[in-house]
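*Asks:* Chains as they are written, first to last, in the working numbering: chain E, 1 to 359; chain D, 1 to 359.
If you're looking for bench data, these hints aren't it; they were derived computationally from the structure. Even glycine gets a Cβ: it sits at the ideal position worked out from N, Cα and C. Treat the hints loosely; a few may be bogus.
[As the list claims (entries may be wrong)] Just so you have them, the derived chain E footprint on chain D, three or more residues with Cβ under 8 angstroms: (1) 33 to 44; (2) 240 to 254; (3) 265 to 278; (4) 302 to 316.
[As the list claims (entries may be wrong)] Some chain D residues close to chain E (C-beta under 7 angstroms, calculated; not the full set): (5) 26; (6) 210; (7) 211; (8) 212; (9) 235; (10) 323.
2 protein chains.
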Amino acid sequence: MNYHGGNIYDKNKNLVDFSSNINPLGIPESFQKALFCHIDVFTKYPDINYNRLKQSIGNYINTDSSNIIVGNGAVNIIYHLAKCFPVSKAVIAVPTFSEYKRAMETAGIEVVEKEIFDFDKMTFDLSILEKEIERDAVYIVCNPNNPTGSLLEQDKMQNFAQILEQFHSFLLVDEAFMDFVFEPQKYSVLKFLKEHQNVVVVRAATKFFGMPGIRLGYGVTTNKELFNKIEKLAEPWNINAAAELAGSVIFQDRDYIAKTKKWIEEERCHMGQLLKEINGLFIFPTAANFYLVQIENRKIYVELVYKKMIQKGYLIRTPNGFIGLDKQFFRVAIKGRQDNINFCKALKKVMTNLLEDCK
Amino acid sequence: MNYHGGNIYDKNKNLVDFSSNINPLGIPESFQKALFCHIDVFTKYPDINYNRLKQSIGNYINTDSSNIIVGNGAVNIIYHLAKCFPVSKAVIAVPTFSEYKRAMETAGIEVVEKEIFDFDKMTFDLSILEKEIERDAVYIVCNPNNPTGSLLEQDKMQNFAQILEQFHSFLLVDEAFMDFVFEPQKYSVLKFLKEHQNVVVVRAATKFFGMPGIRLGYGVTTNKELFNKIEKLAEPWNINAAAELAGSVIFQDRDYIAKTKKWIEEERCHMGQLLKEINGLFIFPTAANFYLVQIENRKIYVELVYKKMIQKGYLIRTPNGFIGLDKQFFRVAIKGRQDNINFCKALKKVMTNLLEDCK
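Here chain E stands alone, though its shape is the one from the complex:
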């Protein structure tokens, strides 16, 4: 099994987990109430067609529910897509999350990693890909990108989709963190899916809603051929009753959504300031709910920072679980104000000591 964040199971349970990016506001009350009132959802098989769930997601993202695929987490949809794309090659924009590669390889698709992160502009540069487009391929772009936090504009994505279309190639966009973006509708590819049948977007429903354990993801495409292929492949009841129930309430929980938007706007800014005050680190700008951090001194390895931070009670995310990222980088989640302050204090101390040792 690959390495991922949030793996607190082989560690001291008292660690504060800055390695996985989960909304610190916790479980929406609307879901807690629904679960306690409807605990008997577990006694029935879920709706094999997930009609109500798809409708609820459709309302939330303002999309016809007939274009929506649901899955046991976003990762599950990516694995299914890998088996359905009529392609022989996948081009992955890196650095990024490692599961795209694993999903494509498991489906027997050749994977090419393309390093397109522009370290001057601090964002993905699609023009690098556009110079040499592969025919009958799927291009995979995470937006905002995990772990860089960078965000691509809608018009750039649409232009790229258009070019790919001419080469019979697909664009798979992972928008797992799009809900955390300020004004996501201005960035999401959802807006132009109707015009581009070669585009598929995948989202994790439960990151923003603080419940990765519930396993609920969704995908959207207007490509009926691809859609039908995936539906045909889907295992029956692949989404559990708790996720089905959550999906019927959380997307309408305006209060939770508003609170989360307020929290991320405030804490993204505040934590960014705190991190920037720490010597020896470069902090990448982010549109998501995490920061990518680079250790400037090449003598200081991330494993060292990782170990020292564990001693202080904090778990950070090392480059394991990502492709295209070297050993100078780590990722930290944005949490509640006091946690962020304490974490940054601890990190400052660790870095001060390590820089001292290097002198």
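Go by the hints and put chain D onto chain E.
*Replies:* Same frame as chain E, now just chain D:
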């Protein structure tokens, strides 16, 4: 999507569902308590290795946890196995559940259906299969079989496994309903897995515990090559947090297990008597928590009985979702005493009227 039982979502919600075989004792209190006390399990990713869950299952079935595969429902494991068996052909003992066929075909394996139900002895006759064994194939047998309710003896299964071994063939046994059998340890293939590495058993953890909505299944094999292949293929976090939590408590809930065993022993016998008193029906003996019923008069189609029973407020299981079963059969669940009595009364009336119309 295929047809299955329990699909009450496109029907009147007031129907009593005799189409899906779920423990009427409901959700174990141990799980309800655990969920209400640990609702925050949803805020974390599940353990990517599911160590504790595997340990708990291992204790329950008295098997080393290193031989246990866990999945998002038993069906999920069957789909994964289909991709991992080093075979080109699957031989399915029918009549049986349709998902084996769908899983094998989805994985590109040629499927052969072998009708081996002996209508005189009311059980599967493995000797039909043994006459002509396929090399490099997987044989799939559901035991007790869904929907016939018939049960094969351990020594017959072991003998069959031995024969298959000589032909480099595998035996996949679906024991989804084994927990409902009287003295299951005398019938389960678990007993001889150590000696036969060509055998894999799959079980649904949550049928017996009244919670199909939770999606938890497990498989057991001592074949390390096959085991590693499946583990490599597994999507990360494919079991949700509610299922993980359930797995850590329900298998130790002796009170619930004892109550369920008492219920099934009493009601299986009682309902069998009631059904046998209805004219025009043949009732197959069962070792599970359902009865297969055959309409003796060929002029009366199951759809007619289905419609009339819906009018009376009951859902029965038509042969949709099974292979090798013709239109004269239906399956009914065993529920609580009063529900069973009311159901049998309604069925008796329906059959009396239909037989009257045939005269």
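*Asks:* Can you give the numbers of the hints that this structure goes against, from lowest to highest?
*Replies:* Checked against the structure, the hints that fail are numbers 3, 4, 10, while the rest are satisfied.
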